[in-house]
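Turn these sequences into a full structure, and let the hints steer you where they fit.
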Amino acid sequence: MAEQSIISPENLVYKKTEVMTDRELHYCPGCGHGTAHRMLAEAIDELGIQSETIGVAPVGCSVLAYYYLNVDMQEAAHGRAPAVATGIKRVLPEKYVFTYQGDGDLAAIGTSETIHACNRGENILIVFINNGIYGMTGGQMAPTTLPGMKSSTCPMGRDVKTMGNPLKITELVAQLPGTYYVTRQSVHTPGNARKARRAMKKALEYQKENKGTCLVEVVSNCPSGWKMNPVDSNKWMEENMFPFYPLGDIKVPGKGLVNGGKDGR
Amino acid sequence: MTKEIRLMKGNEAMAEAAILAGVDAYFGYPITPQSEIIEYLMSANTAERTGMQVLQAESEIASINMVYGAAGCGKRALTSSSSPGISLKMEGISYLAGAELPCVIVNVVRAGPGLATIQPSQSDYFQAVKGGGHGDYKLIVLAPSTVQESVDFMRLAFDLAFRYRNPVMILTDGIIGQMMEKVELFEQQPRLSEAPEWATRGKKPGEKSTVVTSLHLESEDMEQVNLRLQAKYREVEKNEVRFESYRCEDAEVLFVAFGSSARIARKAMDLARMKGIRAGLLRPITLYPFPVDEVRRLAGQVSGMLTVEMNAGQMVEDVRLAVNGRTPVEHFGRFGGMIPGPDETLKALESRLEEWHKKQPAQAE
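Residue numbers (my numbering), protein chains in the order written: chain A, 1 to 265; chain B, 1001 to 1365.
If you are wondering where the hints come from, they were derived from the structure by calculation, not from laboratory data.
Careful, some of the hints might be misleading.
Listed next, the in silico DSS-like pairs over lysine-lysine satisfying Cα-Cα at most 30 angstroms (straight line) [what the hints assert, rightly or not]:
(1) A:K15 / B:K1232
(2) A:K235 / A:K202
(3) B:K1232 / B:K1208
(4) A:K195 / B:K1203
(5) A:K201 / B:K1232
(6) A:K202 / A:K95
(7) B:K1130 / B:K1238
(8) A:K208 / B:K1203
(9) A:K201 / B:K1208
(10) B:K1208 / A:K95
(11) A:K150 / A:K95
Spelled out as structure tokens, the structure:
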């Protein structure tokens, strides 16, 4: 078959969703953010709700998420995205509202906003990217940094005696009556990415039914912050992050907490 | 038709005015001496009356960010607090100013610094008129001196906020917030039905998405944003100066005071007149934009100016800037929640008269 006929439109089996813009991503090579963006964009596309969706970008690596996600968006102050989303949803309850936040934004400076939005059961989707580090500021310790894991502010490794333990905020918010669907996913393989997209789509469908807060955590990598190449970072993530942050549903509609909410299995 | 006159507490009157002004949403957090605002709204059945959303947030920080979200959707959003709470809101206020979002923030000022006291004060003047948060920005600041003005300024504040896409602060204090006066309420205004073009309401098919942000990574872009903001502030300074003058026509000496202090200064002015001292009173209503031209004009007429403030001397700096050395400008204040009396205010004026008169009195040219 000639090359030209292979790339003709009728042979197209997969294309970029229109909910992603054509702008070149600023993320480091191998970073999970791009895939996570795309899975969210595809979920919005599949539901046909692009024109009814309003997103909130955080402060962190994904501060410019609105460059790439082709929906109306607001840029929040550091950690305040769930409060901004609350303000949006309260005045436009018929719209689909999501926040897209990293671990520092959501689980350190924004802990209060996260917990209280979840506790009020705000009808929003929180997409939580957990890579265990502050990426944008250059690889400092995050609330989710693993014990012993090195960062620029714990160069000898996180010492839990003086620096505290990693915060499993996803398990924490799953305990609140206001949350409806809480799950932990990853996007480092095609299969995992598809699962993550399904989770985000489900969460947006629940939002239409006003079921309460849905939180989809994506355990992700940070090749630059972890000082690894992309392949090694994914391997390291599987070997070190997943045992501490196990993938799977944590709170499921109709069934409540999975495994007592202890972890995602 | 006779207008309805009601006896209302300042805070409650502002809350009712917010409903009547067609405000879409209020987000707040309790703090004395302004908690009546959220209490009133929570019991006023706003959802049924106008559809106004009222939410008690988990913090001042969350509430100002909820305001940001609602304002970003082109809705009329309101929050209120008192001094320590306003400090917490300052991060969000800077973001609102940077993203050019309209909203109204009420500060029922209590004395500071720190937790201090719940008693009335005007010690947040600097914070209100000089920006307060980080970055080069301005709030439009309205200072009511009566419960009636507290009501009227709620509507005016939203008009100005949307006209300039800028946060507006109503700077009042525990006296006006807590006292009862008769008020005439205005008619119910409709809530906004149309979305401004800058609002996030969902991307229209075929059109570019709308983004509300204060982030501009390129310095060239950020400078342009700053220049645009400054141009806007010059427009505000040109168009929106508001003040009130009492007996300034023949005044030889001048009180300058705002808010509740202006009421005390006015009494002191009357007492001075009874003693044959030709005193006048200038009451700035907009603290930003400050009535610079009027102060400058009066500087050519009077032999001295005395600001009366419930603080250690804040507005006096703006008066001095306007006067630019043409006439003496001094400050009289009580602070920490103490309220100056008319007699001591008059004494403060009298104690300066001799020195002022010794100097060459400025002549109106």
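Here's how the hints hold up against the structure:
{"no.": "1", "hint": "A:K15 / B:K1232", "verdict": "violated, 44 angstroms"}
{"no.": "2", "hint": "A:K235 / A:K202", "verdict": "holds, 28 angstroms"}
{"no.": "3", "hint": "B:K1232 / B:K1208", "verdict": "holds, 25 angstroms"}
{"no.": "4", "hint": "A:K195 / B:K1203", "verdict": "holds, 27 angstroms"}
{"no.": "5", "hint": "A:K201 / B:K1232", "verdict": "violated, 43 angstroms"}
{"no.": "6", "hint": "A:K202 / A:K95", "verdict": "holds, 16 angstroms"}
{"no.": "7", "hint": "B:K1130 / B:K1238", "verdict": "holds, 18 angstroms"}
{"no.": "8", "hint": "A:K208 / B:K1203", "verdict": "holds, 18 angstroms"}
{"no.": "9", "hint": "A:K201 / B:K1208", "verdict": "holds, 23 angstroms"}
{"no.": "10", "hint": "B:K1208 / A:K95", "verdict": "holds, 18 angstroms"}
{"no.": "11", "hint": "A:K150 / A:K95", "verdict": "violated, 41 angstroms"}
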